[in-house]
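**Student:** Single-letter residue listing:
There are 2 protein chains.
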Amino acid sequence: MEHNVIFQPSGRRGKVAEGKTLLEASYELGVEIEAPCGAHKVCGKCKIKIETGFFEKFNIDSRIEHLSPINEEEKNLLKPEEIADNYRLACATEIKGDILIFVPEESRKADQVVLDTGKERVFTLDPAVKNYYVEMPKATLDDHRDDLRRLQDALKEQFGLDNLYMDYFVLRELPNKIREGDWKVTATVLYDREIIDVRPGFVQKCYGIGIDVGTTTVAAYLCDMSTGQMLVKDGMMNPQVRYGEDVLSRITYAMMNKEGRDKLHDAIIEGINTLASRMTEKVGLTPTDVVEITLVFNTAMHHCLLNLEPKFMGRSPFAPAISAPFDVKARDLGINISRSANIHVLPVEAGFVGPDNVSVLIAEEPYKQDEEMRLLIDIGTNGEIDLGNRNKLLSTSCATGPALEGAQIKFGMRAAPGAIEGIKIDPETLEVTYKVIGDEKWHSRGGKSGAKGICGSGIIDMVAEVFKAGIINKSGKVNMNLNTERIRRGESGKAEFVLVFADDSGIGKDITVTQGDIRAVQLAKAALYVGTKMLMRHLGVDKIDRVTLAGAFGSYINKESAMVIGMFPDCDLDRVAAVGNAAGDGAQAALLDKNKRIEARDVAAGVEFVETAVEPDFQERFAEAMAFPHSKDPFPSIKHILDKIPQR
Amino acid sequence: MEHNVIFQPSGRRGKVAEGKTLLEASYELGVEIEAPCGAHKVCGKCKIKIETGFFEKFNIDSRIEHLSPINEEEKNLLKPEEIADNYRLACATEIKGDILIFVPEESRKADQVVLDTGKERVFTLDPAVKNYYVEMPKATLDDHRDDLRRLQDALKEQFGLDNLYMDYFVLRELPNKIREGDWKVTATVLYDREIIDVRPGFVQKCYGIGIDVGTTTVAAYLCDMSTGQMLVKDGMMNPQVRYGEDVLSRITYAMMNKEGRDKLHDAIIEGINTLASRMTEKVGLTPTDVVEITLVFNTAMHHCLLNLEPKFMGRSPFAPAISAPFDVKARDLGINISRSANIHVLPVEAGFVGPDNVSVLIAEEPYKQDEEMRLLIDIGTNGEIDLGNRNKLLSTSCATGPALEGAQIKFGMRAAPGAIEGIKIDPETLEVTYKVIGDEKWHSRGGKSGAKGICGSGIIDMVAEVFKAGIINKSGKVNMNLNTERIRRGESGKAEFVLVFADDSGIGKDITVTQGDIRAVQLAKAALYVGTKMLMRHLGVDKIDRVTLAGAFGSYINKESAMVIGMFPDCDLDRVAAVGNAAGDGAQAALLDKNKRIEARDVAAGVEFVETAVEPDFQERFAEAMAFPHSKDPFPSIKHILDKIPQR
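The listed protein sequences correspond, in order, to chains A and B.
Plus 53 on top of the position in the first sequence (first one is 1) and you've got this note's numbering.
Plus 53 on top of the position in the second sequence (first one is 1) and you've got this note's numbering.
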């Protein structure tokens, strides 16, 4: 007898025989769980969490009773609170029924590779939070001033800062800090208005984190705000994935489950706390050294992270609780950095176009550009598109799905060591060469590459290459008549193409691209393409002068592949650029330059949102956009490539 | 073998034989603990808490091992967290060594009597927190405004309120509240600046609490800020008493004990939370209905309640952390009222003259008075004195001790049913008549009165009467040569006077006034007298035109008795008035009229603080002031009384 088993956040799923352990199931389904003791139930590293309830998305009823009872080894290796919270050891737990499992970040094998931003940006250094060192006269019986007044007077006298107030939690320790520093202290001031930290003596450094909270991926940047230097980049899967892979299913989860909103909130806050301690530890700091965080996300994630009621975001007329930028205390969100630290939330534009797009805009600044017609595409589970220039700027949002981030792709994985990031297919022999993250050389058949899966940029290459090799046709269908053992019928008879054979791979089985994978990418690229075309129609333009591709993995995208699959309309390839995580760059810019926050507020108010999905011919256009470009289509920039595609 | 046993917050102490239960000890020492089951270990009402550690003040080393081990009945009747927190049942716990016990409010027998304020005050109704009802247009696809903007726009349009921001925790539920009210809501706005609550539909009521946190007594007033009506008065012993009876011993406790500051803070916050739920329950509300609290206290209590480092308050030059008035979120202090509620802290003047004196000033407004030389005395464990008028106002603070509040007096007790509140002694027969709280008639010997002890006003009467009857002489010494069985030698041979014999009392033993009690009152009244004289010298005046006596029990004070014992210099008795708890009245005034907060800030800055205790002849003057007034002393207003005192 077999049962349905689903692993989150990867989304890997399949039928697994009754009695197998969850660790064995993870091997079968290609999920990476750390188990250094080799399943001997002694290390306790393969901790996983059982998620219970009915998950509509997967049509699965996951129950704790669908597993073998907890045994002695687990009782010894898990903390009581973990047991209470449905944690189990994957090596010790046998499957007895349908089950949904969440693999926590610390139990996953691969380290996150932090991607370089693709573009050097020059930020003005004028942060909202600054340090001021002052010396004060000692208190005496003749000088009756209280400690705060004494500090306020010194800050006014020495820096012209007036009318400052102090956060309550700083005030509590103020008398000690002043005397520890022998009446010389460094005050950390937010917006030249609120004292959010006081430390004895002279302190130069001042730390902040810019965070881009994507639906699927979270990217974080620890910066020294006193120098503008970025010290550590880090990332993780969004821990909310366990409650739903897309924003609508998360909103549904929040609405349908008791304390659903709190669970979503707690999951991402815990993730941010993990990132904050991991990043600060790397450079010998502690999370309490961090005095500010800037946050960007789409509007649904904005509500889910901030624990604002998201219910009405999911239904017409889609009004958010708040659009304006705002500041909130870290402690009020449960973020464990400095207790008085500030969290700055960038503004929402409209509908589902959120602070993440505003962040892309303040990084790329298309509103400072004169005549050129510029297209910005931010690729993520929710794609955001901007089109225009100084005169007018339109934006829209489209449900791309997580395929381009490696989720919902059979062998999709994060951009981590072992992930295939680039692919070439010889149109004659149909043989494959490929590049794996963490390894400089290109691999071909018969060479052990240790590949484990395919990340976002590899997926785009893969689809472009099978198309260019004539393995799939214009409508995306796999040609079963080609003479190669790489093309075959896989599970339930569906067509698939073998990229890496089991002997060469690192997972002991073939890595394939399936007909389903092709379809998922077609849906994603069609959504982006139609969104762009709709914006062009609204602006009355038929030609794009420049294309900027952004996304958490953007710098690795092969721009030619992106254009060959038809992700956006024709543009001179020299004027197409991948710029990396522009939303993350914008979050950093807002951290390091407070004027960027004003720019963000202004652009959020000025950009015009177009709800493209409600346009009358949207469905028809979308269906057309599913197809791949043809040499007769209006793609002059890649005509030389399209012309070479074998017609078979 | 006997051990030292101390009960807090009453401070009752004595030697108790080994093996007696704590409940038996409480009977012996006259401490009231509720035990409705008659010590049968079934009701669980006689819960007490063991305080451990070395308490310098009492020179006692209190340890949990100084008691019999916890037994089965206790395990059944106490919650696990109570056991962990050193709670025991007094009836089940035997004494094996020195021990300090805290009797929680709910285990004490007598209900607090809430005293009427002695003076009707007319407050202007212009609270800092107000409700505004607005109707908004529904969100549509054409009206892209977010919920907050929509509410802000309505408040601007309908009430001219501009630039409002919203507390984060209100924002979280805003979408629900707006739709529950069908786009009609009531916004609660602080300082016409911050939205701190939003409720569906029309809501008129708006609740706040004014709290006067005394060193020994806490007085609280629940008000409807929409009408200015005071709904409930309540009070309790300050739960911090367990850590020290006066402010210096509490500061010492905070400095010398691990987490001492947190313990002091937590104790009073828990007390405020108890008051808030008790008071709101009385009128069918919940604590979350309360949106603002105003706090007044002396400067040391200000620091201890707010958990500001108090260490440097206790040593020269006595600089506080903050003097200015400020606002802090209830949640940041751990006060469980509305999560977004505001706590307004009134300003400190200087040194130990705190917001409580500022509060007395804004209630009594001596700064609005033209020529009259006015003396304000606020009687408490810390006495505050103000002298002056519109032209100049001086203030000082003096360590009165808690004697005038009934603590450190052998049979002292709070102003609760059973407390003797008024006394007359016949100078011929030396027989006593007295009045007990909760009973209209005056009692004399042979009549069962059920008296349990003496409260503050009774103590002042008692001392005045024994003096007027010639039982004590000018220096306070009891005359042992008088022919009455009421005068005798008590414990350790010290003189005492029997007020109520055991047959008449409600505690099965004689209620006496001891030589020690007389001394404690002399110390308190001398402190107040010397303080006043020093201020008169500073102002260069030799006559006072008007005296106002304030204090948590002030309205019951017999002003003639207060003058006869020499609590203040001579003044026409018609121009002496007891006004009740003026500090509490000021806290209410600041709650109901935001202009009073500005007045408070201005008077705190304008009043001149005089550190009287450092004056060169302070000690000498103090020693002189210990004596009682003599008919040859400059007390013309009471010369007719002093002349009648029998000289024996």
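Treat the hints loosely; a few may be bogus.
Same chains, same names: a pair is fine if it fits in one copy or spans any two.
Listed below are the simulated BS3-like cross-link pairs for lysine-lysine, each with C-alpha atoms no more than 25 angstroms apart in a straight line [unchecked claim]: (1) Lys-364 / Lys-230; (2) Lys-237 / Lys-364; (3) Lys-230 / Lys-316; (4) Lys-692 / Lys-335; (5) Lys-596 / Lys-685; (6) Lys-530 / Lys-132; (7) Lys-685 / Lys-530; (8) Lys-364 / Lys-562; (9) Lys-230 / Lys-382; (10) Lys-209 / Lys-258; (11) Lys-183 / Lys-68; (12) Lys-230 / Lys-311; (13) Lys-94 / Lys-128.
Derived from the structure by calculation, the hints contain no laboratory data.
**Student:** Between Lys-364 and Lys-562, at a C-alpha cutoff of 25 angstroms, which is it: within one copy, between copies, both, or neither?
**Tutor:** neither (43 angstroms within a copy, 69 angstroms between copies)
**Student:** Are the CA atoms of Lys-364 and Lys-230 at most 25 angstroms apart within a copy, between copies, both, or neither?
**Tutor:** Answer is between; shortest inter-copy Cα gap is 12 angstroms, intra-copy 45 angstroms.
**Student:** Using 25 angstroms as the alpha carbon limit, work out where Lys-685 and Lys-530 are close: within a copy, between copies, both or neither.
**Tutor:** within (19 angstroms within a copy, 119 angstroms between copies)
**Student:** Indicate which option fits the pair Lys-230, Lys-382 if close means a Cα-Cα distance not exceeding 25 angstroms: within, between, both or neither.
**Tutor:** both (21 angstroms within a copy, 23 angstroms between copies)
**Student:** One pair to classify: Lys-183 and Lys-68, alpha carbons no more than 25 angstroms apart. Within, between, both, or neither?
**Tutor:** For Lys-183 and Lys-68, neither the intra-copy (56 angstroms) nor the inter-copy (61 angstroms) Cα distance is at most 25 angstroms.
**Student:** If the cutoff is 25 angstroms on CA atoms, where do Lys-530 and Lys-132 land: within, between, both or neither? Let me know, please.
**Tutor:** neither (51 angstroms within a copy, 69 angstroms between copies)
**Student:** From the Cα coordinates, with 25 angstroms as the cut-off, is the pair Lys-209 and Lys-258 best called within, between, both, or neither?
**Tutor:** Answer is within: at 22 angstroms inside a copy they meet the 25 angstroms cutoff, but 42 angstroms across does not.
**Student:** Is it within, between, both, or neither for Lys-230 and Lys-316, if the alpha carbons may be no more than 25 angstroms apart?
**Tutor:** between (38 angstroms within a copy, 21 angstroms between copies)
**Student:** Go through the copies and call it for Lys-237 and Lys-364: within, between, both or neither, with a Cα cutoff of 25 angstroms.
**Tutor:** between (51 angstroms within a copy, 19 angstroms between copies)
**Student:** Go through the copies and call it for Lys-94 and Lys-128: within, between, both or neither, with a Cα cutoff of 25 angstroms.
**Tutor:** Cα proximity of Lys-94 and Lys-128: one copy only (11 angstroms, versus 38 angstroms across).
**Student:** For the identical chains here, do Lys-230 and Lys-311 meet the 25 angstroms Cα criterion within one copy, between copies, both, or neither?
**Tutor:** Only across copies: Lys-230 and Lys-311 sit 19 angstroms apart there, 44 angstroms inside one copy, limit 25 angstroms.
**Student:** Treating 25 angstroms as the Cα threshold, decide for Lys-596 and Lys-685: within, between, both or neither.
**Tutor:** Answer is within; shortest intra-copy Cα gap is 17 angstroms, inter-copy 109 angstroms.
Violation of the numbered hints given earlier is confined to hints 4, 6, 8 and 11; the remaining hints are satisfied by the structure.
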